[in-house]
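**Q** What follows is the residue order along each chain.
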Amino acid sequence: MGTYLVRRLLIALPSLLGISVVLFTVLALAPGDPFEEMATNPNIPPEVRLALREKFGIDDPVYLRYFRWLAAMMQGDWGFSFASRVDVDTLILQRLPATIFVIGSSQILALAIALPVGIYAATRPYSIFDQIANTFAFIGFSLPTFFTGLLFILVFSIWLDWLPFVYRSDISATGWRWYWEQIRQAIMPVMVLGLFQAASYTRYVRSAVLDVIRLDFVTTARAKGLGEKTVVVRHVVRNALIPVVTLVALQMPTVFGGAIVTEQIFRIPGIGSLLISAILANDTPVIMAVTFVFACLVVTFNLIADVLYGWLDPRIAFR
Amino acid sequence: MNETEIHGMVADVKEGKLSRRGFMQRLAAFGVAAPTAWHILDFHGVAQAQTLTPYRPTRAGGGGPLKILLWQAPTLLNPHFAIGTKDQEGSRVFYEPLAGWDTDGNLVPFLAAEIPSRENGSVSADGLSVTWKLKPNVKWHDGRPFTADDCLFTAEYAADPATAATTIGTYKDIKIEKVNDLTIKITFAKPTPFWADAFVGAAGMILPKHVFEPFKGAASRDAPANLKPVGTSAYKFIDFKPGDILRGERNADYHIANQPHFDTIEVKGGGDAVSAARAVIQTGEFDYAWNMQVEDEILLRMERGGRGKAIPVSSGNIEFIMLNTTDPWTEVDGERSSVKTKHPTLTDPAVRAAINLLIDRESVQKFIYGRGGRATANFVNAPPRYVSPNMKYEFNIDKANKILDDAGWVRGADGIRAKGGNKLKYVYQTSINAPRQKNQAIVKQAAQRAGIDIELKSVTASVFFSSDVANPDTYSKFYCDMQMYTTTMLQPDPERFMLQLVSWEIANKDNKWQGRNISRYSSAEADAAFREAQNSLDPARRTALFIRMNDIFCGENIIVPVLARTRMAASSNNLVVQPSGWDLDLWMLNAWFRP
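For the record, the sequence lines run as chains A and B. The first sequence begins at 1 in this note's numbering and counts up by one. The second sequence begins at 320 in this note's numbering and counts up by one.
Derived by calculation from the structure, the hints in this document are not laboratory data. By construction, the Cβ of each residue, glycine as well, lies at the ideal position given by its N, Cα and C atoms.
Heads up, simulated DSS-like pairs for lysine-lysine below, C-alpha to C-alpha not over 30 Å straight-line:
id, chain 1, residue 1, chain 2, residue 2
1, B, Lys494, B, Lys504
2, B, Lys547, B, Lys491
3, B, Lys828, A, Lys55
4, B, Lys721, B, Lys738
5, B, Lys560, B, Lys628
6, A, Lys55, B, Lys491
7, A, Lys55, B, Lys547
8, B, Lys718, B, Lys776
9, A, Lys55, B, Lys831
10, B, Lys504, B, Lys535
11, A, Lys55, B, Lys535
12, B, Lys560, A, Lys55
13, A, Lys55, B, Lys494
14, B, Lys560, B, Lys535
15, B, Lys831, B, Lys776
16, B, Lys711, B, Lys721
17, B, Lys744, B, Lys711
18, B, Lys742, B, Lys828
19, B, Lys458, B, Lys497
20, B, Lys711, B, Lys757
21, B, Lys738, B, Lys659
Chain B regions said to be covered by chain A (calculated; three or more residues, Cβ under 8 Å):
id, segment
22, 382–395
23, 580–589
Take these sequences, add in the hints, and give me the full structure.
**A** Next comes the structure, spelled out in structure tokens:
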């Protein structure tokens, strides 16, 4: 187990390095200029913009800029944003709580819906409940989050006027009122993300449980005279959930990706909206850092999924 | 004057065609007194005018929270690092300049005791210096007094290349002396008729010396105050998260009596223009939003809800088409569209005149921009004194056909006119932006009926407006026959704006396409007019010279103006804002109130 972990971590390093090279090259090839807005402003002479470009090292060759970035990164210096001149790590840390709160809640919501619905549907395959659950799951993961997001805003904010659609990180209320406001503004984004995830999880859970429920040991358990509840919870679900757990771990980075759009729509000050505004402003150090964080998340969650799998299912050995 | 005429004029005021002041003056000409004229407007729901609204609250505070939505969010709060308007708006909440510009292009003092003028002797007769008297008893938010030293420091800070300030252009060539603690004298290297640049408006916000002194030059990025400003304005800093939220509270020691009205201010960022408009006009979650790049039709639909409204503010911005008289398809010395070449067809004035007649400005205004623009034949459209009365526009396909027939351009078998083997086939480029693509289509359709074939090309805005020397699709390279974009005029004096029309600013390979004359057209007369205007201390003469430059370029149809653009903001119905087309949206935040 120990050597396995060390080996996997060592493999992760070159892949992260490769990812950073690709990201940097793509960003360098992409058109755009962080000081673009100054170009159309007649009050700012072009020399000012050229001097700024030179000062921030944008005019140097790509490989030079990459090695400079890499060397700084190794020492834990993430660079500073061209747009705000603030250190990138400060910016990311500022945005992290909102993202974790919204994504965490939506994951909990997704699992809270998917597990009972998926299991119940699998124990009664092709029943009315199963049909309905399947249909909704299908609709749920076919609708992209940007669409459901806008739909929710239209219905709950504009027509019904129940919920605010601008997420605020600074709520001035205190005590219970603070919690209430926090929940009210988080309902829509959490629902949008949570329902989308719940839909795909439901289908995974259902098929995983269906696979297990037909196996001989389940029949044996039933033949022993165990109650239906014990059979399902102790024998079926414990085995069926092994692939689901891995799946949830593997889905985590995707969830961060999906949140980019949702964060933009609801103005949640999270990492995703930071990435979008950085891309629009051609703020290379921020784009680099955020995408690199995403890359690290993908690699880490892959590793976590593999380790979890082996831990849950002792038949799988670490080699 | 009868009732119908008055109604017509009220409608013009509502659409922004006629200024409130113009309305009052016209009615006054017919013997209607100003208060009555005001009542007519008030009755028709346009009391919310562009000119300054008198501040009515009788004490400071008590207005509750003011919530502003800037969908392009401020990312830093040092006005001298501001890359775009969004950062300047954020900084303006806390910092103030000596004076700002109102919507008619007049100076309004903030930290100055009075506006310098020739009459009171503070602007020297030779145009070489200006003396500003500072307002006494002004305190920074931390309680320290504001003095001339702060002005001197700000100029020195911005002018230092190591600081990497974006306002360096304003401060690098001027000399500032301290006359006494409350008086400064700015000296220029040569006679400068437009003296109100340094310490005025968006680039003029003054920094506190005692806070920024240790962080001048290379250490500028480390100043904690870049994100925690200490200013002199009506609101004190509480909290800022770059790109997300900015909060402030009322400054109890503000130097203008009874201001501000609001107890706290919150500026939220993120999202897009349409949903920002919704949050203000439709749901009322926010009180004010800026830069409503939203089709007017959508805004009008939202306004039916009755919670908020769109406010058009006339500005100097102009959406125009530029015709290329150099050859964009032949490469000479490593560049296309070089002044050494001549366009095979667009060098014929008749062709350019015909194209001008094929632009249906009225329809573009009516169906695409709505209150967002006004059809015009001029490059300079504001302030009124600089607007040329000589240019007229017309949409007339028959007339265009006749001009082309007379000039010997004959339709071929494919319906496209040609002369000497050169066909009237053009590539017309602009940035990707829904109204611009519609505008392109309207021009293409009309041109077809006159035997001109136009191929439309759209370039992503981030490429079109970039300074990327390697990219052939930027607007400054102009590697096509016609192009369209908006150019901004940020000061009520057209001198900087007119640099786009002089020969030494022609964009070419040598200046890495950084020159501002993108059309590449030059005229000795326009050059001479500009040089004279630069040094002319007689305002009337200067105005005449700028108008002449406008007439040369528009009359030659090199610049084909389409619409004078208005800046759109959205405001809640129970908020009185003080908009200005010549300064920031938040330039007079101190005098906003709820009626």
